[in-house]
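Let the hints inform the model, and build the full structure from the sequences given.
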Amino acid sequence: MLTKKLYITLIAVINLACVDVIDVEVPSEEPRLVIDALIRIDSSLDMIVVKIKASQSASFFDSILPASLTEITIRNIDLSSNNTAILLPSTTEEGIYEVVVPKEFLIEGRVALNILYNGETYVSITNYVPAPDIDSIEQSIANVFGGEQTELEVSFTDLPNRNDYYLFDFDFDEYLTVEDEFFKNQQFVFSYFYDDRLEIGRRLKISISGVSFEFFDYLNQVIAQSGQTQGPFQTPAGTVLGNIVNITDTDFSGVETLENIIPNKNFPLGYFAICETYEKTIIIE
Amino acid sequence: MNFLKKAILSAIFISNIFLSAQEKYTISGTISEKSSNETLIGVTIAVPELATGVTTNEYGFYSLTLPKGQYKMVISYLGFKDIIETVELNENSKLNYKLEESAEMLDEIILVEDVEKTNIRDPQMSVNTLSASSIKKVPVVLGEVDVLKAILLLPGVSNAGEGASGFNVRGGSADQNLILLDEAIIFNSSHLFGFFSVFNPDAIKDIKLFKGGIPARYGGRVSSVLEIFQKEGNSNEIKANGGIGLVASRLLVEGPIKKEKSAFLIGGRSSYAHLFLPLFDIDNKAYFYDLNTKLNFKLNDRNSIYFSGYFGRDVFSLSESFVNTYGNSVGNFRWNHLFSDKLFSNLSLIYSDYYYGLKLDFIGFNWNSGIQNFNFKYDLKHYINNNLQINYGINNIYYNFNPGEISPSRASSGIVENNLTKQFANEFAAYVDVEQEITSNFSVQYGLRLSVFNRLGQDELFEYENNNPVNFNPLLGIYQKATPIGSTGNKRSETIAQFANLEPRMAASYTINENTSIKGSYTRLSQYLHLLSNTNSPTPLDVWTPSGPFIKPQLLDQYALGYFKNLKNNQYTIETEIFYKDVQNRIDYIDGANLIANDAIEQVILNGQARAYGLEFLFRKNQGKFQGWFAYTLSKSEQRTPGRISTLTNGISARETGINAGEWYNTPFDKTHDISLFGSYDLNERWSFNANFIFQTGQPTNFPIGQFEFQGLTVPYFGKRNSERLPSFNRLDISAILTPSKNINRKIKGEWVFSIYNLYNRRNAASINFSRNNETNRNEATRTAIFGIIPSVTYNFKL
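Residue numbers (the numbering used here), protein chains in the order written: chain A, 2 to 286; chain B, 107 to 905.
It cannot be assumed that every hint is accurate.
Label pairs and their in silico Cβ distance ranges [unchecked claim]:
hint: 1; chain 1: A; residue 1: Val20; chain 2: B; residue 2: Phe534; range: 47 to 55 angstroms
hint: 2; chain 1: B; residue 1: Glu571; chain 2: A; residue 2: Ile138; range: 17 to 25 angstroms
hint: 3; chain 1: B; residue 1: Leu455; chain 2: A; residue 2: Val20; range: 26 to 34 angstroms
hint: 4; chain 1: A; residue 1: Asn144; chain 2: B; residue 2: Arg598; range: 42 to 50 angstroms
hint: 5; chain 1: A; residue 1: Thr158; chain 2: B; residue 2: Gly768; range: 44 to 52 angstroms
hint: 6; chain 1: A; residue 1: Glu99; chain 2: B; residue 2: Ile895; range: 51 to 59 angstroms
hint: 7; chain 1: B; residue 1: Arg598; chain 2: A; residue 2: Arg204; range: 56 to 64 angstroms
hint: 8; chain 1: B; residue 1: Arg598; chain 2: A; residue 2: Thr158; range: 34 to 42 angstroms
None of these hints come from the bench; they were simulated from the model. Every value quoted in this text rests on a predicted model; they were computed, and no experiment measured them. All C-beta atoms, glycine included, are put in the ideal place defined by N, C-alpha and C.
In structure tokens, the structure reads:
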């Protein structure tokens, strides 16, 4: 968060610098399986729609294609019965797999993801992470960075007595990660600025999700590498490895002992996480 | 150590006996500039009959011990008239000389000016000196004369690109340079995130850059030493000079407090208040300023004292909701004392600090961080005879690191006041350094430095299982922070980690003939402080961290060999060197490491190693209307961080991958070819012209090996680190200096500097970023080029 604002100034300082689009020949590798499995839990509901997106990585200038999975299931390994749910392909969108399960299935105990794709098996295991509700969102017009921007002043109260990591979704695929290191157990108020002034009447969905420390780390890299906070002097981090493991041709004997295997080198990308989420809708005035 | 010490002492002893057979006397004194009494560094005092001589030290002092007799002494210094004098030596004598600038006659100036010539016999190699006047000739962006930009034209020196702070010497990182301003350590050398350096060119007398063969009196950084000497002040008359440029204006006033006895100097520089933000119609500020002061008092023939100070700040503010202030402050006191005409001493007490402050009102946050140090130095130079000089001394530095203090910027913000754990350390060093002429064509310089670093107790230090703050997760193939199992607090007086290193230094020169020599050197250096930065060049927010229980000191071994030649009676010089260096314990960061406001930095750091090797070639024309140089560097700079041997995770032993699969990868400052050309031409008394050209292999960078989508974001991902390169960097800058002819009769002497930076407007890429354009919904590679063609004009004056 701090870095982001610093980079904004850096960019402002060098606004005499010129930026242009150029042709670059980029290297490529074989497509990898990409799993986007961020399951958001709305605590007010009893039944949750689990929606997971499968796609294939592509060379940077090529198009991304959906992946057609042979099988995808989730299983609560701490439940003794009714513990497995099979996700089915969406009828409207290719690469989307869905199932509806009771909330308890996702929030009590460890949940494993199991995927069969192109003859290879991938697994992951995760835990539910809670989040607080957003206390309030105030909107205003700011002109801190020149021109006018829509400013949202968001306040929420940190969950007590734990190390918390949060993901804010500000719509438009704009994200912000926050950790509670400096405001433990407090109500925290901060401002978020959009690049421009948003049009009046625009409906925005703002949400907060609880994330684990590992997922927080992953999100930071993903957000940075997607270019959102990547200042002119930032070095790219790397491959951005997630928490899904290829267990094909390994001595895998069950998710309970997943940590003991040496995984297959054909690693997938993406992440599997179950997060409590509170969403607020605001209309730009 | 004992053995080496004995060897050195007996060598001194033997040479003493050997030479004490004859009756000898000492001539010593100070050499200064006639009009201002400013002492001169590096003046040659030669005795041609004996083929011997010395140069003045940092305080203008020299001492020469010769057998009884009559000698011709030649005192020469670039840009000044030689003094040739016959001296009858039958007792110890004190001879101070005042050199006069070589007249107003331009032709004469051209003849001798700017001869930063190679000293053929001196075993010191890998060193470049630049005088303030040559620095001022180099055309620069926006006409703002810059010490750090001038040294980039020397072989073996580069930086991370335009607008990047710091510099890289022989493939080393920017934090491996020891930057000394009047002996005080400067932690951040840049204004405006790197566009300009913090050194006011008017206040500078001389700079000296050691790239290798670093004498034992220096230590603490492994790559280079950049020594910057400030002027002392004119003790004859009050003088002022200054300049008005596009970015900043400068004014410097100096003059006597008591004529010929004491002097003051005060110089200020300030940029204009809305620099670079003219397009914003909002209340904002972006500016920098600095202030240099110096006082000197010659108490008597044997004692002089100096006070000097530096204070600089950068200030950014956007509508008061984002305020950023940072800069260095330095204060020092020095006492030169002559114990005898052969024993010169200097005592320095130095305080310096670096402050970084940030107010982010939109998240209700104040931040400040910094580093303070208290430095005590005592250096002695013992001129035993004309073949032997011994330098020895001690140095103690106490550091206080403030990695960050956080406080709420307003009552309602929810931010809880929080201080990251302050760190404390003490660095002690003692050294002896011998310069000895063994035969008339074989000279050596050797020395030994003992450095001892104590990391002192702090309030909270985390403890980890197996003492390991970074875990490798073999399942996911990534490094992860370990969770502390506890923490300890220690008293400030306790040592929680100690490192001691012996650093031998050796250099030798063999003179083949009066114009040709070969030199070789070996240097070991240790560095106990590390700059935490995962960008290519330092940023103001970067935090220094001391070695300690989890971070080891960097250790360097450097070998260099050189061939030096003067041609056509010193009109041309050639310097060729090859070097190899190896740094152990170079820190590297795990992927996604967060270095800002991190109270447990050990959780994201791994110890790796770095190496660099290369060839440097410098051809210089030192005399005539046309002067200049051609520098070429061919080099390689790499680092690697292999996996640690094995870790036990749930009873299974797994080989760690290391960073970049444990393989060597290019450092961000690896530039295979680096060519720079600098030329200056004095057409007549009114006009002179300067130009420089730079060509460099593009900086290593990363291109994505693929992309994926996650939560609506398009994420490029990368393979092996730094395996691609930006397009090559090249640029031509020119400048013309006009000295109006009516100047001669005027009290105020003015000068116009017209310059054009990046003459052919090349868009040199500072970076290439890969991201999705949300408007076109297409993936793009965008190039950021910092400076296009930039014309500028500066007016300088003297009175």
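These are the hints, each one checked on the structure:
1. Val20(A) with Phe534(B): 47 to 55 angstroms: 49 angstroms, holds
2. Glu571(B) with Ile138(A): 17 to 25 angstroms: 42 angstroms, violated
3. Leu455(B) with Val20(A): 26 to 34 angstroms: 49 angstroms, violated
4. Asn144(A) with Arg598(B): 42 to 50 angstroms: 47 angstroms, holds
5. Thr158(A) with Gly768(B): 44 to 52 angstroms: 45 angstroms Cβ-Cβ, so the 44 to 52 angstroms window holds.
6. Glu99(A) with Ile895(B): 51 to 59 angstroms: Once the Cβ atoms are compared, 57 angstroms apart, the range 51 to 59 angstroms for Ile895(B) and Glu99(A) holds.
7. Arg598(B) with Arg204(A): 56 to 64 angstroms: This hint holds: roughly 57 angstroms between Cβ atoms.
8. Arg598(B) with Thr158(A): 34 to 42 angstroms: 38 angstroms, holds
Comparing the model with each earlier hint shows violations of hints 2 and 3; every other hint is respected.
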